[in-house]
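Colleague: Sequence:
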Amino acid sequence: MTGRVRIIQAHPLLTAAFFVFFAVYAGSLNNGFHRDDFPHIVSNAFIRDLSSLPKLASRDYFQLNGSVAYRPAVAAVRCLEYKVFGLNPVLWRLFNLLLHAVNAALLCWIFLRVSGLPAAAAAGAALFLLHPAHTETLNYVSNGQCDLLCLFFLCVSFMAYLKESRPVSLSLFCLALLSKEMAAAFPLILAVYAWFYGDLRKKWEVPACGAALALLFIIWRLVYFKAGPGFIDNVQAEAAFGFSAGGLASAAGRFPLLIVYYLKLLLWPSVLSVELDRLLPEAGFFSGLNLTLAWLLAASLAAAAFFYRRNRAYVILFICFALALLPVAGLAPLTSLVQEHFVYIPSVFFCFSAGLVFAKAGEGKWRTAAIAAACLVLALSAGRIWARNADWKTPLALAQSDLRNFPGSGTALLNLALQKRAAGDQDGALALCSEAAEKGAAGGEVYFLMAELYLRGGAADKAVRAARLGLEKDPQKPDALVNAARVYAGAGLLPEALKTAREAARRFPYFEPAFSALGEILLLKKEPLEARAMFAEAVRLNSRSPAARRLEELDRAAAGAR
270 MTGRVRIIQA
280 HPLLTAAFFV
290 FFAVYAGSLN
300 NGFHRDDFPH
310 IVSNAFIRDL
320 SSLPKLASRD
330 YFQLNGSVAY
340 RPAVAAVRCL
350 EYKVFGLNPV
360 LWRLFNLLLH
370 AVNAALLCWI
380 FLRVSGLPAA
390 AAAGAALFLL
400 HPAHTETLNY
410 VSNGQCDLLC
420 LFFLCVSFMA
430 YLKESRPVSL
440 SLFCLALLSK
450 EMAAAFPLIL
460 AVYAWFYGDL
470 RKKWEVPACG
480 AALALLFIIW
490 RLVYFKAGPG
500 FIDNVQAEAA
510 FGFSAGGLAS
520 AAGRFPLLIV
530 YYLKLLLWPS
540 VLSVELDRLL
550 PEAGFFSGLN
560 LTLAWLLAAS
570 LAAAAFFYRR
580 NRAYVILFIC
590 FALALLPVAG
600 LAPLTSLVQE
610 HFVYIPSVFF
620 CFSAGLVFAK
630 AGEGKWRTAA
640 IAAACLVLAL
650 SAGRIWARNA
660 DWKTPLALAQ
670 SDLRNFPGSG
680 TALLNLALQK
690 RAAGDQDGAL
700 ALCSEAAEKG
710 AAGGEVYFLM
720 AELYLRGGAA
730 DKAVRAARLG
740 LEKDPQKPDA
750 LVNAARVYAG
760 AGLLPEALKT
770 AREAARRFPY
780 FEPAFSALGE
790 ILLLKKEPLE
800 ARAMFAEAVR
810 LNSRSPAARR
820 LEELDRAAAG
830 AR
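In terms of our numbering, the sequence shown has 537 at position 268, counting the first letter as 1, and numbering is strictly consecutive.
The hints are simulated quantities; they were obtained by calculation from the structure and are not laboratory data. Each hint should be verified, as a subset may be incorrect.
Here are the simulated EDC-like cross-link-like pairs (lysine to aspartate or glutamate), alpha carbons at most 16 Å apart as the crow flies [to be verified]:
id	residue 1	residue 2
1	Lys731	Asp696
2	Lys472	Glu433
3	Lys742	Glu707
4	Lys352	Asp318
5	Lys768	Asp748
6	Lys768	Glu796
7	Lys708	Glu551
8	Lys432	Glu474
9	Lys662	Glu433
10	Lys795	Glu822
11	Lys746	Glu772
12	Lys794	Asp743
13	Lys794	Glu765
Since the model is a prediction, treat every value here as computed from it, not as a measurement.
Work the whole structure out from these sequences, hints included.
Modeller: What follows is the structure in structure tokens.
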């Protein structure tokens, strides 16, 4: 009897989990595109033509594809998806759901092959399939797809490794690396597996070659793109290519806190948000007390692993979980530390640890109780997924969910205000901005949104005061200067607007919106020649800039005048 048949016959729980998975996510198919889906999919001209594929290795990749991360495998898949699906969000979402189901099936096969425990493999795969922490990965089409494809290639790479097909394993690992930087930790995980199972001396080639490939990829990407004309030397791009701004020591210092947080997210996924990278630091996530407690807890877990090392499987899975989080910690290049979808790949090891617990508890007289407990956990997970999918129906619902989870948060208030403005509720948006300002939770973005709303309402004086407050809050941010210049121009203060826009262009020569705003203000000042030069610079920095349209209009006007 094959392992697949044994799993289905012995544990129909996994089969039921697949049915429940498609049932609870069926309602999410109509949730449409969100946030970065629009620049990366809907308005991305790069993916609309298969002739773009040879340009994946071009130094203009970032200008062409509108991304700050080099993930050409994902871009290639999107080209194919667009060819088949067009811009039908239902089909894009269905593809992600099917890919997640395939990943769960592959993981089940892998864990059965490694452990020989059908019960543990089935329970672990069922939990992975229905874990609520994966709702962002499956609802956020563009962001989640990177994690889904990366895990898929890692799974088939590991399967090839188990079958001792080294070239195939390394080739698939390269595809995973070209899907997302999270794959950089895979050679370390492979080495841990080989070490604990006593055959590292025999099978060292794949982990060693994989580590060399990952290191070479990171170095090549830094050198090749930083030398190219398309590289934009700003903070976000630097984070995408280099290491964390705080350095390796800072990244190592906060690593235990990230381990503890992501474990908590997997154990109790009550607070889910697409804005965790902004909301958690705002809530004091990186405080000294939290870091100290995290180090103590991490030391306790390490001690427990040492004293209970006879339970080798749990130790291996915990170490692999920690290693899978290394890219998130800033020890490898990612632009954020905390994102819900970052836990997708590390959750593999958590889910199969839970599967082992289920299998051990299910031995003997506790079998019925273990199955009942597993069914209860999966039922609660399905309910949480259903509720979270409802939040993803509209951007407004997502913003309202964030404010419920983080009451009084300036970021949550700002996001909800932005959605209120988009829905045409300017009074509601202004009230939320005022609430953020009164609570002292307002950053510069809140004041600039207030300024825009005041301008729309004809209150130019209030708009200017709000813009000046926003500039005081964020004097070092390039977008703060640009926003202030635009507000001053809208209020009729053209000299002050021009001075502010010139300062933005001088201080931040890589920031395309600074030159676009300066060009618009120069047009208001009736200086079309200098305005054209500013628009041309904006287009040079970003070929997809809205300034391109202005440049064409000026060129047509000049040609007509001749």
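Colleague: Compare the structure with each hint and give your call.
Modeller: The hints, checked one at a time:
1. Lys731 x Asp696: holds, 15 Å
2. Lys472 x Glu433: holds, 8 Å
3. Lys742 x Glu707: Cα-Cα ~14 Å, so holds.
4. Lys352 x Asp318: holds, 8 Å
5. Lys768 x Asp748: holds, 15 Å
6. Lys768 x Glu796: holds, 15 Å
7. Lys708 x Glu551: Roughly 13 Å between the alpha carbons, so the hint for Lys708 and Glu551 holds.
8. Lys432 x Glu474: Measuring from Cα to Cα gives roughly 14 Å; hence the hint holds.
9. Lys662 x Glu433: Distance ~45 Å between Lys662 and Glu433 Cα, so the pair is violated.
10. Lys795 x Glu822: holds, 15 Å
11. Lys746 x Glu772: holds, 12 Å
12. Lys794 x Asp743: violated, 27 Å
13. Lys794 x Glu765: Between Lys794 and Glu765 the Cα gap is close to 12 Å, so the pair holds against 16 Å.
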